[in-house]
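Colleague: So you can see what is in the structure, the chains are spelled out below.
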Amino acid sequence: DQQVKQNSPSLSVQEGRISILNCDYTNSMFDYFLWYKKYPAEGPTFLISISSIKDKNEDGRFTVFLNKSAKHLSLHIVPSQPGDSAVYFCAARGSGSARQLTFGSGTQLTVLP
Amino acid sequence: EPEVTQTPSHQVTQMGQEVILRCVPISNHLYFYWYRQILGQKVEFLVSFYNNEISEKSEIFDDQFSVERPDGSNFTLKIRSTKLEDSAMYFCASSTRTGLGELFFGEGSRLTVL
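Protein chains in written order, with the numbering used here: chain S, 57 to 169; chain L, 369 to 482.
By construction, these hints were calculated from the structure, which means they are not laboratory data. Wrong hints could be hidden among the right ones.
[To be verified] Calculated pairs, BS3-like style, for lysine-lysine (alpha carbon to alpha carbon, straight line, at most 25 angstroms):
no., chain 1, residue 1, chain 2, residue 2
1, S, Lys127, S, Lys61
2, S, Lys94, S, Lys127
3, S, Lys61, L, Lys410
4, S, Lys61, S, Lys94
5, S, Lys110, S, Lys124
6, L, Lys410, S, Lys94
7, S, Lys127, L, Lys446
8, L, Lys425, L, Lys446
9, L, Lys425, L, Lys410
10, L, Lys446, L, Lys410
11, S, Lys124, S, Lys61
12, S, Lys127, S, Lys112
13, S, Lys127, S, Lys110
14, S, Lys112, S, Lys94
15, L, Lys425, S, Lys61
16, L, Lys425, S, Lys110
17, L, Lys410, S, Lys124
18, L, Lys451, L, Lys410
[To be verified] Covered stretches of chain S, as calculated for chain L (at least 3 residues, CB under 8 angstroms):
no., region
19, 86-98
20, 106-118
[Stated by the list, open to error] Distance windows between CB atoms, simulated:
no., chain 1, residue 1, chain 2, residue 2, range
21, L, Glu421, S, Glu71, 44 to 52 angstroms
22, L, Gln385, S, Ser64, 21 to 29 angstroms
23, S, Pro96, L, Thr444, 21 to 29 angstroms
24, L, Glu427, S, Pro96, 41 to 49 angstroms
25, L, Thr373, S, Ser66, 27 to 35 angstroms
26, L, Glu427, S, Ala97, 24 to 32 angstroms
27, S, Gln59, L, Gly469, 14 to 22 angstroms
28, L, Glu453, S, Gln164, 21 to 29 angstroms
29, L, Thr464, S, Gln164, 28 to 36 angstroms
Each residue gets a CB set at the ideal place from its N, CA and C atoms; glycine is no exception.
Start from the sequences and build out the full structure, keeping to the hints where you can.
Modeller: Okay, structure coming up:
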């Protein structure tokens, strides 16, 4: 079941530059999308979310873009900092009563000083 | 800041033994979840719980699994007879009254089945 896909297992970026993490989904019933950050031996930590009625949401250094027609979302981090190095998971929630999240496989971001 | 807490952080058990993983969700949250992550794989949904009953469960959550909210604060996941393939990190999560928005995750309980 690959309803949420993160095709890049890893990404390296220089400190201060922009990090762009991508996510694709196949289920058109998803109506809410989230990005989580995860450090080793810790639980996922919520970063930012976007509803399907929007195409952009910004929170400080983090911006999420949603392209519904392409079933694609991306997370932009600018400027990237070494502390941003972690695994980033894209997640999606379906409409209706189901509230569980479907996660992508994650992208390991490494920000090089 | 309120947080979801989980115990134990790591449990090692023999195959066939029963395991109970415990979680204390954020106090004013009403939706509770268990997810798991097998090493190297994605985070997978197991079960959601609302109003003292299971609201959704995945195909992973078979008869060997059960959940309970024995009192006003704890939320437990029981595996009756553990199998080797149950070895994983188990995450508890909770969300607000509406169940919408983000889920807040605990730090996880690592289960190792020998």
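Colleague: Next step is simple, just say for each hint if it's right about the structure.
Modeller: Here is what the structure says about each hint:
Between the alpha carbons of Lys127 of chain S and Lys61 of chain S the distance comes to roughly 11 angstroms, so the proposed pair stays at or under 25 angstroms and holds. For the hint pairing Lys94 of chain S with Lys127 of chain S, the CA-to-CA distance comes to about 24 angstroms; that is within 25 angstroms, so the pair holds. This hinted pair checks out: Lys61 of chain S and Lys410 of chain L have alpha carbons roughly 10 angstroms apart, not beyond 25 angstroms. Using a Cα cut-off of 25 angstroms, the hinted pair Lys61 of chain S and Lys94 of chain S holds, with the two alpha carbons roughly 17 angstroms apart.
The hinted pair formed by Lys110 of chain S and Lys124 of chain S meets the criterion: a straight-line CA distance of about 9 angstroms does not exceed 25 angstroms. Note on Lys410 of chain L and Lys94 of chain S: the hinted pairing holds, with a Cα-Cα distance of about 12 angstroms set against a maximum of 25 angstroms. This hinted pair does not check out: Lys127 of chain S and Lys446 of chain L have alpha carbons roughly 37 angstroms apart, beyond 25 angstroms. Using a Cα cut-off of 25 angstroms, the hinted pair Lys425 of chain L and Lys446 of chain L holds, with the two alpha carbons roughly 14 angstroms apart.
About 17 angstroms separates the Cα atoms of Lys425 of chain L and Lys410 of chain L, which keeps this hinted pair within 25 angstroms; it holds. Between Lys446 of chain L and Lys410 of chain L the CA atoms are separated by roughly 21 angstroms; this keeps the pair inside 25 angstroms, and the hint holds. Proposed proximity of Lys124 of chain S and Lys61 of chain S is supported: the alpha carbons are some 15 angstroms apart, at most 25 angstroms. A distance of roughly 14 angstroms separates the Cα atoms of Lys127 of chain S and Lys112 of chain S; the hinted pair therefore holds under the 25 angstroms criterion.
Simply put, Lys127 of chain S and Lys110 of chain S have alpha-carbon atoms about 13 angstroms apart, close enough for the 25 angstroms limit, and the pair holds. As the CA atoms of Lys112 of chain S and Lys94 of chain S are separated by approximately 23 angstroms, the hinted pair is consistent with the 25 angstroms bound. About 21 angstroms separates the Cα atoms of Lys425 of chain L and Lys61 of chain S, which keeps this hinted pair within 25 angstroms; it holds. Between the alpha carbons of Lys425 of chain L and Lys110 of chain S the distance comes to roughly 29 angstroms, so the proposed pair goes past 25 angstroms and is violated.
At most 25 angstroms may separate the alpha-carbon atoms for a hinted pair to count; Lys410 of chain L and Lys124 of chain S meet this at roughly 23 angstroms. Annotation: proposed proximity of Lys451 of chain L to Lys410 of chain L holds, straight-line Cα distance about 19 angstroms (limit 25 angstroms). With 5 residues having a Cβ less than 8 angstroms from any Cβ of chain L, the region 86-98 of chain S passes the three-residue criterion, so the hint holds. As drawn, the region 106-118 of chain S meets chain L at 0 residues by the rule of a beta-carbon pair under 8 angstroms; below three, the given contact is violated.
The beta-carbon spacing between Glu421 of chain L and Glu71 of chain S, approximately 49 angstroms, falls within the hinted interval of 44 to 52 angstroms. Separation of Gln385 of chain L from Ser64 of chain S is about 39 angstroms and departs from the stated range, judged on CB atoms against 21 to 29 angstroms. Range check, Pro96 of chain S to Thr444 of chain L: about 25 angstroms between beta-carbon atoms, so the 21 to 29 angstroms window is met. Checked against the hint of 41 to 49 angstroms, the pair Glu427 of chain L and Pro96 of chain S fails, with Cβ atoms roughly 28 angstroms apart.
Between Thr373 of chain L and Ser66 of chain S, the C-beta spacing of about 31 angstroms keeps the proposed range 27 to 35 angstroms intact. A C-beta distance of roughly 28 angstroms is found between Glu427 of chain L and Ala97 of chain S, which places it inside the suggested range of 24 to 32 angstroms. At roughly 20 angstroms, the beta carbons of Gln59 of chain S and Gly469 of chain L sit within the given window of 14 to 22 angstroms. At roughly 24 angstroms, the beta-carbon separation of Glu453 of chain L and Gln164 of chain S lies within the given 21 to 29 angstroms, and the hint holds.
The hinted range of 28 to 36 angstroms is satisfied by Thr464 of chain L and Gln164 of chain S, whose Cβ atoms lie roughly 30 angstroms apart.
Figure legend: structure checked against the earlier numbered hints; hints not met, in rising order: 7, 16, 20, 22 and 24.
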